[in-house]
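Here the structure of chain A is known, so what remains is to put chain B in place on it, guided by the hints.
Taken in order, these protein sequences are the chains called A and B. Note that the first sequence ends on residue 879 in this note's numbering; no numbers are left out. Note that the second sequence ends on residue 1215 in this note's numbering; no numbers are left out.
Honestly, the hints are just simulated from the structure, not real lab data. Zero decoy hints are in this set.
Partner residues are not named here, just some residues of chain B that face chain A (Cβ under 10 angstroms, in silico):
| no. | residue |
| --- | --- |
| 1 | Ala-1013 |
| 2 | Pro-1121 |
| 3 | Gln-1129 |
| 4 | Val-1133 |
| 5 | Pro-1139 |
| 6 | Thr-1181 |
| 7 | Gln-1187 |
| 8 | Arg-1188 |
| 9 | Arg-1191 |
| 10 | Asp-1203 |
Quick look at which bits of chain A chain B covers, simulated, 3 or more residues with Cβ under 8 angstroms:
| no. | stretch |
| --- | --- |
| 11 | 794–803 |
| 12 | 814–826 |
| 13 | 862–873 |
The beta-carbon is built from N, C-alpha and C at its ideal position, and this holds for glycine as well.
Take a look at the letters that make up each chain.
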Amino acid sequence: MVALPGVDPSWSTYIDVPSTSGSDSPGTSHRWHYLDNRLGVGGDDDAANGTLLCVHGNPTWSYLWRSYLAAGTAAGWRVIAVDQLDMGYSARTGAFRRLADRVTDLEDFVRAIGLRGSVVTVGHDWGGVVSLGYANRNREHLAGVILTNTAIHQDPDRPIPAPLRLALAPGVHGVGTRTTSTFLDVTLALARPSLDRDVRRAFRDPYRSASDRQGIANFVSDIPVDASHPSYAALTATATGIRSLRVPTLMMWGPHDPIFSDPYLEDLARRMPHADIHRFEHAGHLVQEDADTASTAMEWLATRSVGDAADATDHGSLSEEVPYVPLGRRIDELAAGPEGPVTAVAEMSSSGPPRTLTWRELADDVAAVAAGLRALGHGPGTRVSLLVPPGVDLTVLIYACLRIGAVIVVADAGLGTRGLSRAVRGSAPDVVIGIERALVAARAFGWPGRRISATPLSAARRRVLRVDASLNDLRAATALPDVLADSPVPAADADAAILFTSGSTGPAKGVVYTHRRLAAMRDAVESTLGLGPGTALVAGFAPFALLGPALGATSVTPDMDVTAPRTLTAQALADAADAIGASVVFASPAALRNVRASSGDLSAKGREALGRISLLLSAGAPIPVPLLEAVQGLVPAAALHTPYGMTESLLVADIDLDGIRAAARGAAAGVDGAGNGVCVGHPVHRARVAVSPLDSTGAATGEVTAAPGVTGEILVDAPHVKDRYFRLWKTQQDSARPRPWHRTGDVGHFDADGRLWVEGRLGHVITAASGIVTPVGLEQALELLDGVALAAAVGVGPGGTQAVVAVVEATAGVRRPQLADAQLAAEARSSARERGVELAAVIAVPALPVDIRHNAKIDRARVAEWSSRFLSGTRAGSL
Amino acid sequence: MEQQIPLRYAGRIAVTVLVTGASGMLGRAVAEQLVADGDDVRCFQRRPSGVAGAHDILGSIEDQSAVGTAVRGCSAVVHLAAKVSFTGAASDFDRTNVEGTRLLLDAAQQAGVADVVYISSPSVAHTGTSLVGAPAGPADPIRARGDYARTKANAELLALSRSSSRFRVAALRPHIVWGPGDTQLVERVIDRARHGRLPLLGGGTALIDTTYVDNAATAIVACLRRIDATQGQSLVVTNGEPRPIAELLQGICVAGGVEPPRWSVPGGLARGAGAVIERTWLRMGRADEPPMTRFLAEQLSTAHWFDQRRTRALLDWQPTVSIDEGFHRLAAHYRR
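Here chain A stands alone, though its shape is the one from the complex (with noise of 0.2 angstroms):
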């Protein structure tokens, strides 16, 4: 035998089992190999929690699940790890042993071994088909049901995997699989990154020959691939049977596999919705060797008090209180009643008159659409992805879709068409509905779903698009309008949406919110700036574009490229505030920024209109106050109010200029607290916030407080925040401590006032060692300076002792990366160390990475990298 890293010598042996399969003759025994953890601790029965009973796929063996006997081992839980028989160590028995045999194998050797106590089954590829027919047949014992990359059904309308075609395919199955290795070497070169050589040569050891590869071979002919299959009813029988299992079950998915994909994920996830899901966003087929789900699943199996596992108590949230009104009530309420003929929501055009519908008409439109989605047969629990700009459409199809339970997914086109395919085959969506360019972009990458057409195509441009229908072909089933009368309303704690986040903060995660959640939103929003039926309001940030029906409240979007939010000029948004009479604008400070440099163009008309505007919102991104100081020039009878949220909780706290100001006097005048970092105001009603303080490595560890001048990581507790990451199961886990709070990512701190600042990510913290420093409050500080346009701190060099840097956007004269004059090094050194900070190196640059959403959040970690090579005499290359 070869070394087997990871594996402890005492776990492995053997064990003859007697045969009751039916592909033997009675009598028969085989000698099977398998790992267990509790071998070596002089004991094989009795642990703690109960068993592991883990089972591999092809063409892999018990070595696959090494860190699980570890894990379990830590975690008091026996650890399990058979090698199937013909594959792995265990005997090759020279009969076909077809699915039916390999689950009645199984069970043959759990008789065997004498196991008892609770049995938690955990399956990776064919091997997750195994374990759940031994799941399926054995509940007595079963405490929980584990799985990775697996499948359990081939629909009969689909081809199985191309490289699975390619394995069984005549003349190359043989050869591929039996006489050669290659199989075997192509399934061990999916791991990524790549597997060490001698974790490879431990896979490769039991399969050297050709007569030991005879099992591998068998399993790929065992695959059925359609209905004629000897294998197909014990498959299908499995597949039916685990829909009434109710045991807890977590699924762990390398998504980057060519077999497993996500549609098989999706399939065990319609069977068992109540399972667990996380999605490791890098890992691929061998997820084991990938990503750490050991520890994920000892920790699920703790938090699920899986077995006789300790219990995890479930600290209730305020959001329970809150009495739910669905999101759409308002349209119906004001269609039905005087306010029926006025307009509900505007669309600007740069072509034409605006597009509008009155509340009746929207109402009427919502209906329609709904009732065209129920036609064509969804309804309750279906996903679809919306791929449509902000206007009347995309109104129409939110409120359409959460009227049927059916569960909105909003990317936005900022994540780049890779980070927007990531996120929409993530979300395995049902339906896809977009403008022509997001049908291409499935179309090209292979979305999942049934395409759905928000524009009308030529019949030749809807078959090359694969589109089904058009939006106003839903429109037009509104024949049926019984059809919405017997849809149920959706439930109040059912999903309703999904909302990715921009990615400006690492890949993007799906959001999701439940009916109660979203509906808690427009309440925050309502109470917090006392928006509601009667006003009238420009949608320029999208989030909040959604939320004006809801409100009751008229919308209009302002004719502008919503993926680039500088596009927004300040004569568009002027026409789209006259167009309503807006009294109320939403915008991003990207959008502000050019609506100010643009703000010359400005017709006297449009003047006056941005002249009415009573409350002017910029939300998104943090915003300069001698931005917002020239924004209040264009509309001085506006309150400007800076709310912060994100995508978790789009309303944390809210604040507006004149406290902007006070603050500012605050910190000055030496309020505790005050000061380092962007003052956001005070948590909005029913928000409850804190912070998690950082230790000296800079790690959010400390007990939850509010006291004035402790920084940490913000976290909010609110009846609108985020019900969970979706399929995100571990990153949920890890944003959610202690319950009920919801972990920001953004670190900062509480003054005597109650004011909430900011003072940046908490990936950026720099851990110097004389401290912890946050990035924020000194930017602020370098930018004051003459001849900074905007300023990063980052820390370069090892964690504990490193160097504080500041990096900076000089105003002028500078072409490449070069070291600060003398002069503003003096400078910026002298205003660091008023702040107790002493600088290493201050670097100018022509310009600093910043995200193309908002143009704003500067990209610290890239900075980060690319200082600690400018500094360490290597080739940094431009920023």
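Chain B only, in chain A's frame:
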């Protein structure tokens, strides 16, 4: 927390300390610091040290009887004497740096000296790659760059191998010590800049840790006072203020009243050229320092700065003169 200062120092009972190499800038500063602390200080070197209040013993570190005389009656030794150069015959470095240290240790052990602080160099662990927030690292004579680093590494290993509870030895490695009167770095930088022969290497952007001479001196004394905690260990000491090399050179030039360097040579080119110049110089048998060596080019073009947390905790010490204050003092020195 109670400070663990050895009893005999706590009450400032005068002890007799031998400082070797006290004619150099750092040795002199150490001797002066000890004198100021009230200790009985002896200085051992070939030329008079000029340290007021100390007793000079003149002699060579390679002379067994002179060394024996010097250590007699001392309870502690701070050993700074060494051949510091970028060039020269390998055997010269071995004789002074390794054999000289061996002679001193033998004599000190024989004379009943209790504590020794061996002054080493971070270059003993520097293999030519950049050091970023690095720990001290083990002395590595095989991979050390050049004869100076190699022999200092051998001597450090030798010194620490002698350490026991009755003969306590610590190694302290100050990194790039500079200050008024420094002939190694400051004078050369100013002289070359004055003649327009001082380029920046790779734009001078690499971060470098340096040590102002007063800080190095107080750290060495702290290492001796805290020998309970430091014995058997190697510690790197610096100002803990890494700066881009260009800023350091500029600061020195401005203090010296000369134009700072304005031209830059790519780091890789300088390292290659340094190696060639170094070999040529050796072949020509020249006794003066070559204008560039591979070691110097590495020093001036790659980052080397250090994690100071362990050093400061063990020494219970903080630098008192910042880099900027150091430049002011340097400027005052040159204005005189």
